[in-house]
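Using the sequences and the accompanying hints, generate a full structural model.
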Amino acid sequence: MTAQAAPSRRDASRAGKSGGPASPAGLVKISYREAMRAAIREALQRDDRVFLMGEDVGRYGGCFAVSLGLLEEFGPERIRDTPLSESAFVGAGIGAAMAGMRPIVEIMTVNFSLLALDQIMNNAATLLHMSGGQCNVPLVIRMTTGAGRQVAAQHSHSLEGWYTHIPGIKVLAPATLEDARGMLWTALQDPDPVLIFEHGSLYGMEGMLAADAGAVDISSAAIRRQGKDLTLITYGGTLGKALSAADELAKDGIEAEVIDLRALRPLDDATFLASVGKTHRAVIVDEGWRSGSLSAEITARIMERAFYDLDAAVERVCSAEVPMPYPRHLEEAALPQIGGIVAAARRAVG
Amino acid sequence: MTVRQVAPDPLTVQHRHELLRQMLFIRRFEEKCVELYSAGEIRGFVHLYIGEEAVAVGVNESLTPDDNIVSTYREHGHALARGIPVDAVMAEMYGKITGCSKGRGGSMHLFDAGRRFYGGNAIVGGGLPLATGLALADKMRGDQRVTACFFGDGAVAEGEFHECMNLAALWKLPVLFCCENNLYAMGTALERAQAQTDLALRAESYGMTAWPVDGMDVLAVEQAARRAAESVRAGGGPHFLELRTYRFRAHSMYDPELYRGKAEVAEWRERDPIEALAGRMRAAGELSDEELAAIGEKLAAQIDESVMLARAAPAESVDDLTRFVYSTEPA
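Taken in sequence, the protein lines are chains A and B. Everything in the first sequence is counted per my numbering, starting at 1 for the first residue and increasing by one. Everything in the second sequence is counted per my numbering, starting at 1001 for the first residue and increasing by one.
Among the hints, a few may not be true.
Here are the computed lysine to aspartate or glutamate pairs in the EDC-like style, where the Cα-Cα straight-line distance is at most 16 Å [what the hints assert, rightly or not]:
1. K251/A x D229/A
2. K1172/B x D1143/B
3. K29/A x D212/A
4. K1172/B x E77/A
5. K29/A x E206/A
6. K1172/B x D81/A
A few chain B residues that don't get close to chain A, going by computed Cβ distances all over 12 Å [stated by the list, open to error]:
7. L1201
8. E1204
9. R1226
Everything labelled a hint here was simulated from the structure, so no lab data went into it. We put the CB at the ideal spot given by N, CA and C, even for glycine.
What follows is the structure, given as C-alpha cells:
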C-alpha cells in the first residue's frame, strides 16, 4: 500500500453502481448522520440479506437518529428493534451472518459493546479459525465512540484500540462524509466481521459530498493534507483537530502532513511509514488512552521500521488517563486538543 | 410439571438397535480418548460425555440433516450422533489437518459446516446467541429449519442464557433449547448455584413451552425431542427440554471430584442409559449377548482404525500458522 494524496478513492469495482442512488453530477450538502443513513438505505435496497438490528434503531429512529425513517421504509423485519441484550443480539448477528445473512448490528456506544465482548471476541473473531476455515462471519457491527458531549465516564470512551488487538476482525473509523457514506457497503462485502466506529461528535458534521458517492476501500489510510515537515497520524474524531492544528502550524511555516488511518485493523502502516520517511517526524493523535494503546502500536511500528528515518522522538497526544469527567472544562482538559497537538508538533520539529 | 405422555412412535426393533449402537459408539470412542489421553497421545481439555449419551442420540433422532446444531465443549457425543465421521473427529483430537476442524479446534471445537454442526463452543452460554441468530436467519428467509442448541445447567447462570431465552421467545424463533442438566457446573452443584432449580420452570417464565425429560432414557428423550422439534418446525416458537442426566466421569481430565460422593455416582451409574436400553431389549428378546458383543467388536475396530488414520495423518505445516484468521489474507 502506498501513500495516496487524494482523500477520495472510490473503489469502482466494488461500488457496482447498479441499484445505487441516482447519480446526477455534482455535489449535495449532507451530514455525517445522513451519509451513514444513505449507506444503510442503499445496502437494504441492494441486498435482501441485509438487515439492521439494535437498540432503538426502529421506532425511536436510532439513538443518534442515524436510522430515522428506515423502519417506515423497510419495515420491522429488516429494521429490528432489540431488547437491551447486547450479548444476545450481537451473537444473533453472528449466527445470522454464519447462516448467510448480512446483518448490520448497531450497538449504542462502545461502552455498551463490552456487554457483547464475549460474542465479538470469543465467537465473531474466532469461529473461522476454530472451524478450520469453515465458518466465516460476514457481519458488520456499528457503534458510537468517543467523548466531547459531557456524557461522563460510561458513554465517552474510545475503546476501538482494544478491538484492534484482536486477530480475526477488521476495525474501521470513518472520519469523513465520504467514508461515512462509503465504508459500509464495502464492509458488507467482506467475508469477515467488520467493526465500524463512528465518533459521536461527527454525526452533525455537514459538508458537500458527491451526489453519486458510493463504496470506498476499507484497507488503506489516506493523506488528508500534504506536508513535508512532520506527520500527524490520527483517525476518527480527532481528524478535524489534527487538520486545524496543521493550519495553525502552517502560519509558522511548518507544513504538517495529516494521515487519516481510516482502517485501524489491519493497519495500513505503509502509508504512515512512507510519510515519516519523508518528514522524519511523527505525532500521533489518538482519543484513546496512551497506555497499551493503538498509539503505542503505531509508535512501535515506526521504531521497528522507520527508526533511522527519525529526526526526533515520536510524540503522542492522547486522552488523559482518567475515566471521562462530566464537567466541560475537565472533559476538554482530558481530550486531545488543537493546542496540545500544535505544542507536540513544535517539540518534534525542535 | 411431568413428562407429557404422547403415543410413542412405532419404534422398530431395528431402530432400537440403532440407538443402542450409536450410544455405544460414543461410549467406546470416549473410552478410547481416555486411553489416548493417558498415553499422552492427545492433549488439551477433554470433557467426557460418558453417562449422557442418551441425550445426544435421542435429540438427534428428532432432527433432519437440514437442521442446525450448536453445541458445547462436551460435544463428542453430539458430533458423532450427527454423523461427523469418526475418523475426522479422532483426527481433530490429534490436532491433525484431517480433523473436522482441520486440527485447529481440538476436542472442544468440533465443526462440520456441511452437516450444519456449528461447533463446539467452550464459553458456557456462548452458543445460545449463535443458535438464536441461526434461527433468526431461517425465520427471516422462511426456511423450515430447527436449530438445536445444547448447553448445560451451568449456562442457566449466565446472562446470555436469559437474554437468548427472551429474544428467541419474543421473536418466536425456531430454536430447540436442549439443556443437559447433569447437576453440576464443573464442581458446583445446581442447588449451590441456582435459587430456583426447576430449569424448565425458568424457561417457561419466558413464555416458551418447556418440560423436563428423563435424560437417561434414550426412548423418552427421542419422544420428547420429536414432539418439541415438530412443534418448533410448525412455527410454535422456541421449545425447551430440560434433559436430566448425569456425567459418570470427572468434569475433565484434571478433576479429582472432591465435590460429589462416590455413592451418588454409583447410584446414577445404576441408571446407565446404555445398560437401560440393552436391558429392555434383552428382556423383550430383541437383543442377545452375542449380538451385543458383535456390535461392540465392530465399533472397537472402527475406532481403532480411526486412531491409526489419525496417527498417520500429516500435521499442518507451521508455514500455515496464520491461516483461517481472515477469509482472504489482508494485503
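>> So if I understand the rule, the pair passes when the alpha-carbon distance is 16 Å or less; does K1172/B with D1143/B pass?
In response: Within the cut-off at roughly 14 Å; holds.
> Would you say E1204/B is clear of chain A, with no C-beta pair closer than or equal to 12 Å?
Replying inline: Fine: 19 Å to the nearest Cβ keeps E1204/B off the interface.
> Hey, K29/A versus D212/A, does the alpha-carbon distance stay inside 16 Å?
Replying inline: holds, 12 Å
>> Just to be careful, I want the Cα atoms of K1172/B and E77/A compared with a cutoff of 16 Å; is the pair within it?
In response: Satisfied, since the Cα-Cα distance of roughly 13 Å is no more than 16 Å.
>> Holds or violated: K251/A and D229/A, Cα atoms, limit 16 Å.
In response: Holds - the C-alpha atoms of D229/A and K251/A are around 13 Å apart, at most 16 Å.
> When you look at the beta carbon of L1201/B, is every beta carbon of chain A farther off than 12 Å?
Replying inline: With a cut-off of 12 Å, L1201/B remains clear of chain A, as the shortest Cβ separation is near 21 Å.
> Given the proposed pairing of K1172/B with D81/A, does the C-alpha separation stay at or below 16 Å?
Replying inline: holds, 15 Å
> Is R1226/B truly not at the interface, in the sense that its beta carbon sits beyond 12 Å from all beta carbons of chain A?
Replying inline: Nearest chain A Cβ is 24 Å from R1226/B, so the label holds.
> Holds or violated: are the alpha carbons of K29/A and E206/A at most 16 Å from each other?
Replying inline: Holds, at roughly 7 Å.
In this structure, none of the earlier numbered hints is contradicted; all agree with it.
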